[in-house]
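*Asks:* So the chains spell out like this:
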Amino acid sequence: MEPISFLNIPTSPSIDKVGVEERVARFQTRSIKNESKRQGLKMVLSMIDLTTLEGKDTPGKVKQMCYKAQHLHDLHPGLPTVAAVCVYPSMVAVARKELKNASVKIASVSTVFPAGQAPLEVKITDTKFAVDAGADEIDMVISRGKFLSGEYNFVFDEIAAIKEACGKARLKVILETGELATLDNVRKASDIAIYAGADFIKTSTGKIQPAATMQVTYTMLMAIRDYFDETGIMIGMKPAGGISTSKLALHNLVMVKEILGDAWLNNHWFRFGASSLANDVLMQIMKTETGVYQSSDYFTID
Amino acid sequence: MSRLEILKTYKIYIGGQFPRTESGRYYTPFDKKGKPLANICLSSRKDVRNAVVAARKAFGSWSERSAFNRGQILYRIAEMLEGRRAQFIDELIQQGLTKANAEKEVNLSIDRIVYYAGWCDKFNQVLSSVNPVSSAHFNFSTCEPMGVVGIISEQTSSLIGLVSMLMPAICGGNTAVVLASEKLPLCAVTFAEVLNSSDVPGGVVNILTGSTSEMAPTLASHMDVNALITSQLDDSLKKNLSVAAVDNLKRNYEFTADWSKPESQGLNYISDLQEIKTTWHPIENIGGATSSY
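Just so you know, the sequences run in chain order A and B.
Number 207 in our numbering belongs to position 220 of the first sequence; there are no gaps in the numbering.
Number 35 in our numbering belongs to position 41 of the second sequence; there are no gaps in the numbering.
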């Protein structure tokens, strides 16, 4: 078998933007009945990567978030925990100490997140540092400058190198679709990431707008489906940034189910990268339980 | 061939926009002769929810504006209402008032807005205090707005009840979700157009039309509404609302004033929607002969 390189992956199909918009609009008109909504909301909670990626992050903030990850709203028993916490490499050790052997995973951004403007050695060191500190998952960024200059080989090889540095940790590849400009580029970047060894593809860093629009997520889901049809290998998906309401999260679930099917409807294959989504979902769940509209005053901030 | 009259469809007012109700429903109130007045949105609980979200979002910046600036904006509302007197008088006559009474109601409404505009940068001085305490503290109490106020307009007037209940709320830095009079809703929506063209930021006032008994319980039980004010509500609904308001310990007031009287205004309507915050500030001494303050 010849070694995998950018040269022998299939050509990406071009994307019909108008068609994508129409398809996506249809996902948003599905009527979701109460009981399904309740189950859907709990599923959303279990798929969240609770995230803090700020320059002002402190060990205290991370500790608090790790607590929240396991105790979303203790007033209401029976809620799941979130899937993972997502932090900077320097905070991984803090999170590991807090979470110990809890089922909540630790994801760390790496490769000089969010810009990714550094030499490969630095990115590999960054990644290894996070893995050694206890990260279960690595969220890397691609070199968008190189991608937009047409140096697809470079992007491909870089992802493959980081995948190797990850060891046992699962690799999520952030395309930063807000900087890729077109859906054709999103599809091409998705294909490069998948063939280069990504376990997950992820839309955005959350630092650039627009982030995880449904059109972008749809395009990436189609890339995952085509790869599955071709090889039988499943790839995970993580929309991140801009999904702050339960409604939008449920629309995303509808889309995943219809494009990829039930196999992807769990937190091993699908995640939401979000910081404020969890509280909105909690408020919706309490609304369905009590019949009364809720206030953020009664839910913990972090 | 006679011309077919076009009934205006009155829309609701949420977050500075004029959407139709998300439910797509409407109703048609009639005048005394049985002639339809207009098509009015029959808002649903989801509209109430959206309005509360808009009011909450607007609360931060509205309450942090300088009191003087809030006064300017309230005064601007009065100016814009003055400019559209004729339309309001027409609508009041349509809804059954005599011309003289309609003019009187509009005039009083304008005067009342000016009255509360004046209070904006004055009530805090009057209601606040420096308190004597027997310890080394500078102890003072000041007003803070409660937050989002739910207002169930008085049902027997179209304009003056709404103005009289709304103005003291926003004067004090609160934001509001108003349910208009069910049978006399015309002026409420036109008043929203006045608000929209008078520098009042979107979301500070949100006005919904529809069935009071349908919407009011949602507003009363909403955890993100901090106070509920009503006026001359029937007893059974009043009781239901009081029970629903208990969950988050909303302030709940029922006003019995006759709003059409010039004296039915005052500082108490502002202070009812303020919380008092008292601060204990460590200090050597204050007010004595050796005080340096």
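It should be emphasised that the hints constitute simulated quantities derived from the structure, not laboratory data.
Any given hint might turn out to be false.
[To be verified] Here are some, though not all, of the chain A residues that point toward chain B, as calculated from beta-carbon distances under 7 angstroms:
#, residue
1, Thr275
2, Val279
3, Tyr280
4, Ser282
[To be verified] Calculated cross-link-like contacts (lysine to aspartate or glutamate; reagent style EDC-like; alpha-carbon spacing at most 20 angstroms):
#, chain 1, residue 1, chain 2, residue 2
5, B, Lys27, B, Glu(-1)
6, B, Lys29, B, Asp115
7, B, Lys40, A, Asp119
8, A, Lys274, B, Asp25
9, B, Lys40, A, Glu276
10, A, Lys274, B, Glu76
11, B, Lys177, B, Asp241
12, A, Lys133, A, Glu85
13, A, Lys234, B, Glu(-1)
14, A, Lys115, A, Glu138
15, B, Lys51, B, Asp218
16, A, Lys29, A, Glu276
17, A, Lys155, A, Asp213
18, B, Lys51, A, Asp284
19, A, Lys20, B, Glu176
20, B, Lys2, B, Glu16
21, A, Lys50, A, Asp123
22, B, Lys233, B, Asp193
23, A, Lys234, A, Glu217
24, A, Lys24, A, Glu276
25, A, Lys4, A, Asp144
26, A, Lys87, A, Glu108
27, B, Lys27, B, Asp241
28, A, Lys4, A, Asp213
29, B, Lys271, A, Asp284
30, A, Lys274, B, Glu208
31, B, Lys5, B, Glu176
[Unchecked claim] Now the in silico label distances, taken between C-beta atoms and shown as ranges:
#, chain 1, residue 1, chain 2, residue 2, range
32, A, Gln15, B, Asn33, 55 to 65 angstroms
33, B, Lys116, A, Gln15, 32 to 42 angstroms
34, A, Thr277, B, Lys116, 54 to 64 angstroms
35, A, Gln196, B, Gly54, 51 to 61 angstroms
36, A, Arg25, B, Thr3, 53 to 63 angstroms
37, A, Asp3, B, Val240, 48 to 58 angstroms
38, B, Gln81, A, Arg17, 52 to 62 angstroms
39, A, Pro101, B, Ser230, 35 to 45 angstroms
40, B, Val120, A, Lys274, 56 to 66 angstroms
C-beta: ideal position from N, C-alpha, C; glycine also.
*Asks:* Could you run down the list of hints and mark each one as holding or not?
*Replies:* Each hint, compared with the structure:
no. : hint                                       : verdict
1   : Thr275                                     : violated, 13 angstroms
2   : Val279                                     : holds, 5 angstroms
3   : Tyr280                                     : holds, 4 angstroms
4   : Ser282                                     : holds, 4 angstroms
5   : Lys27/B with Glu(-1)/B                     : holds, 17 angstroms
6   : Lys29/B with Asp115/B                      : violated, 45 angstroms
7   : Lys40/B with Asp119/A                      : violated, 50 angstroms
8   : Lys274/A with Asp25/B                      : violated, 39 angstroms
9   : Lys40/B with Glu276/A                      : holds, 17 angstroms
10  : Lys274/A with Glu76/B                      : violated, 43 angstroms
11  : Lys177/B with Asp241/B                     : violated, 30 angstroms
12  : Lys133/A with Glu85/A                      : violated, 38 angstroms
13  : Lys234/A with Glu(-1)/B                    : violated, 41 angstroms
14  : Lys115/A with Glu138/A                     : violated, 25 angstroms
15  : Lys51/B with Asp218/B                      : holds, 11 angstroms
16  : Lys29/A with Glu276/A                      : holds, 12 angstroms
17  : Lys155/A with Asp213/A                     : violated, 26 angstroms
18  : Lys51/B with Asp284/A                      : holds, 13 angstroms
19  : Lys20/A with Glu176/B                      : violated, 31 angstroms
20  : Lys2/B with Glu16/B                        : holds, 18 angstroms
21  : Lys50/A with Asp123/A                      : holds, 17 angstroms
22  : Lys233/B with Asp193/B                     : violated, 37 angstroms
23  : Lys234/A with Glu217/A                     : violated, 33 angstroms
24  : Lys24/A with Glu276/A                      : holds, 12 angstroms
25  : Lys4/A with Asp144/A                       : violated, 29 angstroms
26  : Lys87/A with Glu108/A                      : violated, 30 angstroms
27  : Lys27/B with Asp241/B                      : violated, 44 angstroms
28  : Lys4/A with Asp213/A                       : holds, 18 angstroms
29  : Lys271/B with Asp284/A                     : holds, 18 angstroms
30  : Lys274/A with Glu208/B                     : holds, 18 angstroms
31  : Lys5/B with Glu176/B                       : holds, 14 angstroms
32  : Gln15/A with Asn33/B: 55 to 65 angstroms   : violated, 28 angstroms
33  : Lys116/B with Gln15/A: 32 to 42 angstroms  : violated, 49 angstroms
34  : Thr277/A with Lys116/B: 54 to 64 angstroms : violated, 41 angstroms
35  : Gln196/A with Gly54/B: 51 to 61 angstroms  : violated, 22 angstroms
36  : Arg25/A with Thr3/B: 53 to 63 angstroms    : violated, 36 angstroms
37  : Asp3/A with Val240/B: 48 to 58 angstroms   : holds, 55 angstroms
38  : Gln81/B with Arg17/A: 52 to 62 angstroms   : violated, 43 angstroms
39  : Pro101/A with Ser230/B: 35 to 45 angstroms : violated, 58 angstroms
40  : Val120/B with Lys274/A: 56 to 66 angstroms : violated, 40 angstroms
Checked against the numbered hints above, the structure violates hints 1, 6, 7, 8, 10, 11, 12, 13, 14, 17, 19, 22, 23, 25, 26, 27, 32, 33, 34, 35, 36, 38, 39, 40; every other hint is satisfied.
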